[in-house]
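K.L.:
Going down the list, the protein sequences come from chains A and B. Anchor point for the first sequence: position 173 equals 173 in this note's numbering, and the numbering is continuous, going up by one each time. Anchor point for the second sequence: position 20 equals 20 in this note's numbering, and the numbering is continuous, going up by one each time.
Just so you know, these hints were derived from the structure itself, not from any lab. Do not take every clue at face value.
Below 25 Å or equal to it, Euclidean Cα-Cα: the simulated SDA-like pairs (lysine to any residue) are [as the list claims (entries may be wrong)]:
(1) B:Lys79 to B:Met4
(2) B:Lys92 to B:Ser27
(3) A:Lys33 to B:Gln9
(4) B:Lys102 to B:Asp14
(5) A:Lys411 to B:Lys79
(6) B:Lys126 to B:Asp50
(7) A:Lys411 to B:Glu6
(8) B:Lys17 to A:Lys86
(9) B:Lys126 to A:Ile30
(10) B:Lys17 to A:Ile30
(11) B:Lys126 to A:Phe416
(12) A:Lys411 to B:His121
(13) A:Lys411 to B:Ser119
(14) A:Lys33 to A:Glu414
(15) A:Lys33 to A:Thr398
(16) A:Lys86 to A:Gly308
(17) B:Lys102 to B:Leu25
Which chain A residues face chain B? A few, computed with CB under 7 Å, are given here [unchecked claim]:
(18) Ile54
(19) Thr55
(20) Thr59
(21) Thr196
(22) Asp357
(23) Ser386
(24) Ala387
(25) Ile413
Since the structure is predicted, the reported quantities are computational estimates derived from the model, not experimental observations. Using N, Cα and C, we set each Cβ at its ideal position, and we do this for glycine too.
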Amino acid sequence: MSVTNAVETASPALEGSHVRDDFPILRQQIHGKPLVYLDNAATTQKPQAVIDAITHYYTTDNSNVHRGVHLLSERATAAFEAARSKATRFLNAASDREVIFVRGCTEGINLVAQSYGREFIGEGDEIIVSAIEHHSNIVPWQMLAEQTGAIVRVIPVNDEGELMLDAYERLLNVRTKLVAVGHISNALGTVNPIKTIIDRAHQHGAVVLIDGAQGAPHTPIDVQALGCDFYVFSGHKVFGPTGIGVLYGRESLLEAMSPWQGGGDMILSVSWEKTTWNSLPFKFEAGTPNIAGAIGLGAAIDYVSAVGLPRIAAWEHELLEYGTQRLLEIPRLRLVGTAREKASVLSFVLEGIHPHDIGTIVDQEGVAIRTGHHCAQPLMTRYGLSATARASIALYNTKEDIDVLADSLHKVIEVFG
Amino acid sequence: MSDMRELYQQVILDHNKNPRNFGPLESANRTAEGYNPLCGDHYTFFVEMDGDLVKNISFQGSGCAISKASASVMSSIVKGKNQEEVAELFEKFHSMVTGAAKAEDDPTLGRLAAFGGVSEHPSRIKCATLAWHTMNSVVKGEKEVVTTE
Numbered sequence: 001m002s003v004t005n006a007v008e009t010a011s012p013a014l015e016g017s018h019v020r021d022d023f024p025i026l027r028q029q030i031h032g033k034p035l036v037y038l039d040n041a042a043t044t045q046k047p048q049a050v051i052d053a054i055t056h057y058y059t060t061d062n063s064n065v066h067r068g069v070h071l072l073s074e075r076a077t078a079a080f081e082a083a084r085s086k087a088t089r090f091l092n093a094a095s096d097r098e099v100i101f102v103r104g105c106t107e108g109i110n111l112v113a114q115s116y117g118r119e120f121i122g123e124g125d126e127i128i129v130s131a132i133e134h135h136s137n138i139v140p141w142q143m144l145a146e147q148t149g150a151i152v153r154v155i156p157v158n159d160e161g162e163l164m165l166d167a168y169e170r171l172l173n174v175r176t177k178l179v180a181v182g183h184i185s186n187a188l189g190t191v192n193p194i195k196t197i198i199d200r201a202h203q204h205g206a207v208v209l210i211d212g213a214q215g216a217p218h219t220p221i222d223v224q225a226l227g228c229d230f231y232v233f234s235g236h237k238v239f240g241p242t243g244i245g246v247l248y249g250r251e252s253l254l255e256a257m258s259p260w261q262g263g264g265d266m267i268l269s270v271s272w273e274k275t276t277w278n279s280l281p282f283k284f285e286a287g288t289p290n291i292a293g294a295i296g297l298g299a300a301i302d303y304v305s306a307v308g309l310p311r312i313a314a315w316e317h318e319l320l321e322y323g324t325q326r327l328l329e330i331p332r333l334r335l336v337g338t339a340r341e342k343a344s345v346l347s348f349v350l351e352g353i354h355p356h357d358i359g360t361i362v363d364q365e366g367v368a369i370r371t372g373h374h375c376a377q378p379l380m381t382r383y384g385l386s387a388t389a390r391a392s393i394a395l396y397n398t399k400e401d402i403d404v405l406a407d408s409l410h411k412v413i414e415v416f417g
Numbered sequence: 001m002s003d004m005r006e007l008y009q010q011v012i013l014d015h016n017k018n019p020r021n022f023g024p025l026e027s028a029n030r031t032a033e034g035y036n037p038l039c040g041d042h043y044t045f046f047v048e049m050d051g052d053l054v055k056n057i058s059f060q061g062s063g064c065a066i067s068k069a070s071a072s073v074m075s076s077i078v079k080g081k082n083q084e085e086v087a088e089l090f091e092k093f094h095s096m097v098t099g100a101a102k103a104e105d106d107p108t109l110g111r112l113a114a115f116g117g118v119s120e121h122p123s124r125i126k127c128a129t130l131a132w133h134t135m136n137s138v139v140k141g142e143k144e145v146v147t148t149e
């Protein structure tokens, strides 16, 4: 695996420049300027190791999994299941039976809503989400509420972007059946106190799903220490391919749940009289899975693990502090999301200048940021905004990237006067 | 910077900063709303129609520079035009911002030619056309909220 020597030999503090060469896409120019990629909360770039793993699979091992007796199928199955074991270790799940491959966080949440929710949540029961969730952790619960007569309750957020835990305590009651919150907010960067949220929910007998879309790339995860019941993350946000992600579920819950989709691979036997389900995790994996995607994700997990999430988190924290300071020097700029516990996201508005105009102008300087509502419209409404501009960082970003962003924002102000 | 100046021409920056015909219009006999929820561009147009003639027009709301300047320029240009002329201008404007026609090939575009750079930014076409789609629904007498998303 191609991790840079600087990283392999010892564990000195990480800097973006140490790993930048591992990501071939970053070598290009945009509008004649070096690419400054600061849209990592939307998707991350892929290291050569991930690209190579996918190429290797399609070049030498491509076959369907779990069925063939021929060598190619055995190799494909071994690589696919090895990727699952890597995800198991990445999350510190108790076993591979608790790790289900899905398309991404969105599919994982929908699976839990439709399989666990339809079976164990009924009329008048309550589901708690938070005011800072991504639409993918809102809409599946609204759909479930529509189908079952359950009620969705919302943990409010303060002006800094922190969840109001007192209000959360008051929302919890005997009817609370499920709590679904994000690990780290994609729109604000707030790191939620998920251990506390999980513990309080369990005291009231509710199960907890953590949306780890922004958690997995930035912080070590231990589902057993957290005690969460479900945890989802997407491969493409953790330097792996799109179209693959993981749903972790506590084994006893997954055993009690019915399959979500029917089809091949999720059955033990099919007859007109009675069809029996396959064992975990296959019960939830109908149809030919995204084999190359899973193998690519396995390579991404290897990459991130070799660099080390604690070192990644430390570097990103340094960048976040530097970025916060640089952005606050810009006149008319206001940061949106100033939680004490924060990771990887700089969301901001420039007074009198629409975020889309900011995005278009900084793009001319080679800077890729996100502008819009970040799939968190209720949150934008809470802050009276229709949109923000968002720079989101990853391990390969550098202080020079932040400098280019800051310079380009000065140009935005120059243009709009 | 040169590409950027091509998109954000002086006419656009000026109309964004000092939008013309901005505010409500008491004599209006038709109103229409243009709203792109994904980006938050949101405008209400107040139009005084005399038969099929646009006698007076104003607008208010907020959005990006492209959408606001487009609304402002449009409001200045359609005043005094009839339904057919508005439709014809919209057609020309649409062809230009989608890249189907070149601004420099049509001298009748006038100030609308300032939006020629939009065709190089496909994600911004909907910003430029929101005002025009909304105006189109006004002159046709349609009621629903107009969106270009």
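K.L.:
Next step is simple, just say for each hint if it's right about the structure.
P.N.:
Cross-check of the supplied hints:
Proposed proximity of B:Lys79 and B:Met4 is contradicted: the alpha carbons are some 30 Å apart, above 25 Å. The straight-line distance between the Cα atoms of B:Lys92 and B:Ser27 is roughly 29 Å, outside the 25 Å bound, and the hint therefore fails. The suggested pairing of A:Lys33 with B:Gln9 holds, with an alpha-carbon distance near 22 Å, which does not exceed 25 Å. Taken as a hint, the B:Lys102 and B:Asp14 pair is honoured in the structure, with Cα atoms around 23 Å apart against an allowance of 25 Å.
Distance restraint check for A:Lys411 and B:Lys79: the Cα-Cα separation of roughly 35 Å exceeds the 25 Å cut-off, and the hinted pair is therefore not satisfied. Of the pairs offered as hints, the one joining B:Lys126 and B:Asp50 is violated, with about 29 Å between alpha carbons and a cut-off of 25 Å exceeded. Pair hint A:Lys411 plus B:Glu6 holds up; C-alpha atoms about 15 Å apart against a cutoff of 25 Å. Proximity of B:Lys17 to A:Lys86 is assessed by CA-CA distance (about 55 Å); at most 25 Å being required, the pair is judged violated.
Our distance criterion of 25 Å between C-alpha atoms is met by B:Lys126 and A:Ile30, whose separation comes to about 23 Å. At most 25 Å may separate the alpha-carbon atoms for a hinted pair to count; B:Lys17 and A:Ile30 exceed this at roughly 29 Å. Our distance criterion of 25 Å between C-alpha atoms is met by B:Lys126 and A:Phe416, whose separation comes to about 21 Å. At most 25 Å may separate the alpha-carbon atoms for a hinted pair to count; A:Lys411 and B:His121 meet this at roughly 19 Å.
For a cut-off of 25 Å, the pair hint linking A:Lys411 to B:Ser119 stands: about 22 Å separates their Cα positions. For the proposed pair A:Lys33 and A:Glu414, the alpha carbon gap of about 19 Å is at most 25 Å, so the pair holds. Restraint check for A:Lys33 and A:Thr398: the C-alpha separation of about 16 Å stays at or below 25 Å, so the hint holds. Of the pairs offered as hints, the one joining A:Lys86 and A:Gly308 holds, with about 14 Å between alpha carbons and a cut-off of 25 Å not exceeded.
Using a Cα cut-off of 25 Å, the hinted pair B:Lys102 and B:Leu25 is violated, with the two alpha carbons roughly 34 Å apart. Look at A:Ile54: its Cβ only gets to about 29 Å from chain B, farther than 7 Å, so that hint breaks. The interface hint given for A:Thr55 is broken, as the beta carbon of that residue sits about 31 Å from the closest beta carbon of chain B, more than 7 Å. Hint status for A:Thr59: violated, given a least beta-carbon distance of 35 Å to chain B, over 7 Å.
Hint on A:Thr196 is violated. Least Cβ distance to chain B is approximately 34 Å, over the 7 Å limit. Contact between A:Asp357 and chain B, as hinted, is supported at the beta carbon level, the nearest pair being about 5 Å apart and thus within 7 Å. For A:Ser386, the shortest C-beta to C-beta distance to chain B is roughly 2 Å, which falls under 7 Å, so the interface hint holds. Because the closest C-beta pair between A:Ala387 and chain B is about 5 Å apart, less than 7 Å, the hint holds.
For A:Ile413, the interface hint is violated, the least distance from its beta-carbon to any beta-carbon of chain B being 12 Å, above 7 Å.
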